[in-house]
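A.B. asks: Here is what each chain is made of, one letter per residue.
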Amino acid sequence: MTEEKNAPKEHSVLPRFAVLQLSGCAGCEVSLLNAHEWVEKFELTYMPLVSSAYDVPEVDILLISGGVRTDEDVYHLQSAVKKAQRVVAVGTCALSGGVANLGNRDEVRQLFLMEQHRRHVPRLLPKSRPVDDFVPIDLYLPGCPPTPELFMGALLDPQGYQASLTVCQECGRKKLKDMKPDHLLGFQKGAVDSEICLINQGYLCVGTSTRGGCRAPCTRAGHPCVGCRGPSNVLIEKGSQAWLDTIQRVFHSMTNVPEKELHDELLSPQLALFLFQFSDYDGGDRPPRPKEKVL
Amino acid sequence: MTTLTFPLSRIEGHAQVEIEVQQGKVLSTRFKATELRGFDIFVQGVPAEQMPVIVPRICGVCSTAHHVAAVKTLEDAFGVTPPPLASRIRSLLLLGQLLQNQATSLFIFTMPDRVGAESLFEMDEIDQDHAVRFQISRNALKVRELGTDLITLAGGQFIHPVRAVVGGVNAGIPAERAAAMLKRLEEGLPLACELFDTYWELTQRMKDRIGSWGDDSPAYYITSTGRVKPDYNSHEIRVMAPSGECCEIFSPRSFREILEFSQSDYSYATKTSYKGGVIRANSLARANMTAHMGTKVANGYLHRLRIEFGTPAHPIMLFDLGRGIELVYAIERAMQILEQPLEGEDTEVAYTPHDGDGYGMVEAPRGPLIHHYVIEKNKIAKAEFIIPTVHNMRAIERALQVVAERYIQKDQVDLELERAVGRVVRAFDPCIACATH
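One line per chain: the protein sequences are Y and Z, in this order. Note that my numbering has the first sequence beginning at 1, numbered continuously upward. Note that my numbering has the second sequence beginning at 1, numbered continuously upward.
Rather than coming from a laboratory, the hints here were simulated on the basis of the structure. Hints are supplied without guarantee of correctness; some may be wrong.
Said to hold, decoys possible - Far from chain Y, some chain Z residues (derived; all Cβ distances over 10 Å):
| no. | residue |
| --- | --- |
| 1 | G45 |
| 2 | T311 |
| 3 | I337 |
Stated by the list, open to error - Listed below are the simulated EDC-like cross-link pairs for lysine to aspartate or glutamate, each with C-alpha atoms no more than 20 Å apart in a straight line:
| no. | chain 1 | residue 1 | chain 2 | residue 2 |
| --- | --- | --- | --- | --- |
| 4 | Z | K379 | Y | D157 |
| 5 | Z | K377 | Y | E265 |
| 6 | Y | K41 | Y | E115 |
| 7 | Z | K382 | Y | E115 |
Keep in mind it's a predicted model, so treat the numbers as computed, not measured. Using N, Cα and C, we set each Cβ at its ideal position, and we do this for glycine too.
Please build the complete structure, drawing on both the sequences and the hints.
C.D. replies: Following this line, the structure appears as structure tokens:
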């Protein structure tokens with residue numbers, strides 16, 4: 001520890017930031033804690049997970065994680081953005097509801113009514129909603145959760161962040177022309193070869209279309225990419241059908257999996273779980289999110 | 001009647017405490033969990049084999065515990081037993097989770113209470129002793145990172161790990177990576193001990209200031225860790241009576257016959273009772289219900305705790321000290337596992353998925369975590385998540401009643417109450433994202 005580092009930080013010069021957590025799992029906050037280089041470069045003014053401060057003060061940067069699930073989430077969100085120069089939506093939940101978006105399916109939505117007998121709790125909204133349904137966002141940081149490196153990129157220099165177009169390009173596994181699986185193994189099935197492309201091994205990996213920047217921790221660890229970072233810049237302003245077509249083309253050229261099997265798997269709920277954010281990206285009732293605003 | 005509301009911070013998730021007072025008499029203390037995503041509802045209809053990837057998202061702090069519990073639940077349903085190497089790697093994952101969690105709870109959540117700071121990140125800015133405190137916060141983050149790196153090593157990534165699969169794990173751990181981690185843990189152990197010694201001393205000073213270790217009457221305790229030494233990749237649950245006698249041993253499959261669950265209209269979290277009584281899970285339950293730590297340094301700390309407080313011990317702040325013992329244990333035990341080869345054997349066994357009913361359990365940092373899935377046509381027909389924080393709900397409210405009565409008099413409220421509420425809740429280290437899921 002050097003003398004210089006031991007000197008007290010000068011408040012006035014450090015940019016101030018706050019972290020508002022809506023309905024989520026705190027995984028984004030935990031990831032941010034591992035990006036602790038910010039400790040030297042920013043003043044953290046509000047983040048209830050780690051600090052006893054109960055209101056968002058005026059800040060340079062506001063990070064928002066979690067989806068909008070309750071009336072209280074709406075209130076906190078709308079109050080907080082008024083205090084911020086720059087608003088960053090972090091994590092898949094803030095962008096699209098994340099896995100909790102599965103609760104928006106019609107077949108399970110009714111079950112949430114059973115929770116409505118409670119009186120002294122925040123009311124649930126009919127559906128989980130992304131933050132930009134309510135407030136304007138300056139930067140989107142997708143990922144479930146975004147890696148510590150991505151957090152530092154978003155805080156320090158989003159434009160200068162060096163990333164490949166797709167997860168596939170960051171993965172480093174060898175693609176083999178002559179290794180074509182006849183059937184899909186799904187996502188998880190036993191031992192995985194540590195060197196060879198997961199598609200060659202029959203896994204339903206969507207890293208070929210998923211936005212790069214995470215450095216492919218899942219596929220490197222032998223788990224197919226489930227697309228938590230959303231679509232790459234090529235697909236981001238197009239509809240979910242364009243994404244689906246791209247994946248299908250990849251599997252056509254790299255595997256011998258029958259068309260129907262591929263189609264059924266791609267449209268299965270299990271894929272939809274993680275890939276719903278693609279369909280969300282193309283806008284729905286709101287304009288598409290411009291790729292310049294997505295890290 | 002007056003209602004005092006205390007927003008909570010430095011815990012996982014959204015919760016608050018409400019205390020109702022009438023003419024100086026405390027009518028009720030409520031611990032309110034104020035969020036809900038509905039995992040048990042929305043996983044209905046999803047493919048069963050996807051659960052190990054979906055359920056870690058219940059909580060970013062406890063994701064590893066849910067990941068391993070989900071895999072064990074499916075293995076129970078499919079009748080699969082993972083090979084020994086896979087169990088060792090899963091144990092390593094759970095130790096990483098323990099190390100990460102106990103470091104977070106000790107240093108990020110509760111250390112600021114001991115030095116009168118709002119957060120660990122401002123501790124280096126306080127003029128008095130600032131150099132010392134700066135060192136504490138930097139070292140605390142370093143020790144915590146050992147836990148997240150251990151999860152990354154064994155689980156692929158540290159927040160929502162991916163490497164436990166039905167039938168085992170998807171790969172072993174290469175010797176050179178294991179050796180590098182081992183070296184870092186060796187270096188980290190003295191640092192962790194030093195931090196815990198400081199923490200214990202500061203806790204003692206806090207006790208001297210407030211005059212109590214956190215009085216509350218004895219309670220039942222619940223854990224699934226080993227009887228002789230700790231085991232977080234656990235299989236049986238035990239309940240200990242307030243007197244210290246073991247009064248119940250059961251498998252996760254029979255949890256509904258043994259434990260009682262109730263709902264309230266002021267919280268999205270359920271509450272557990274045992275024979276109508278208050279029950280406690282988490283570190284103090286384990287400290288009271290395991291004979292030894294099984295590692296040298298941690299065992300020394302457990303011995304010290306028992307000499308000072310007897311066994312079973314009940315004061316609330318001992319939950320915090322129990323976490324420090326486990327912080328040290330997690331490092332020592334992970335070192336033992338990393339000294340053995342973690343590759344070159346089978347990492348998984350083949351299995352055939354089929355419909356059925358499975359129960360899986362781990363001892364999470366907050367206590368026994370049970371998952372239960374009913375699988376029909378390879379999809380989840382029903383899912384239950386029995387969360388350790390839920391077991392502590394009544395214990396938290398009762399402990400809040402004790403501090404409320406201590407600091408609320410007939411004609412005044414001592415503002416120490418605000419700090420006391422935070423201390424009591426944080427001692428139980430509740431996880432609201434898990435409790436409501």
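A.B. asks: Each of the hints needs a verdict: does it hold here or not?
C.D. replies: Cross-check of the supplied hints:
1. Residue placement check: Z/G45 does not keep its beta carbon more than 10 Å from all beta carbons of chain Y (closest about 6 Å).
2. Here Z/T311 stays apart from chain Y, with its beta-carbon at least about 33 Å from theirs, past the 10 Å limit.
3. The claim that Z/I337 lies off the interface holds: its Cβ sits roughly 19 Å from the closest Cβ of chain Y, which is beyond the 10 Å cut-off.
4. Restraint check for Z/K379 and Y/D157: not satisfied, since their Cα atoms lie roughly 44 Å apart, outside the 20 Å limit.
5. Of the pairs offered as hints, the one joining Z/K377 and Y/E265 holds, with about 15 Å between alpha carbons and a cut-off of 20 Å not exceeded.
6. Using a Cα cut-off of 20 Å, the hinted pair Y/K41 and Y/E115 is violated, with the two alpha carbons roughly 43 Å apart.
7. Restraint check for Z/K382 and Y/E115: satisfied, since their Cα atoms lie roughly 17 Å apart, inside the 20 Å limit.
Consistency note: the structure conflicts with the earlier hints numbered 1, 4 and 6.
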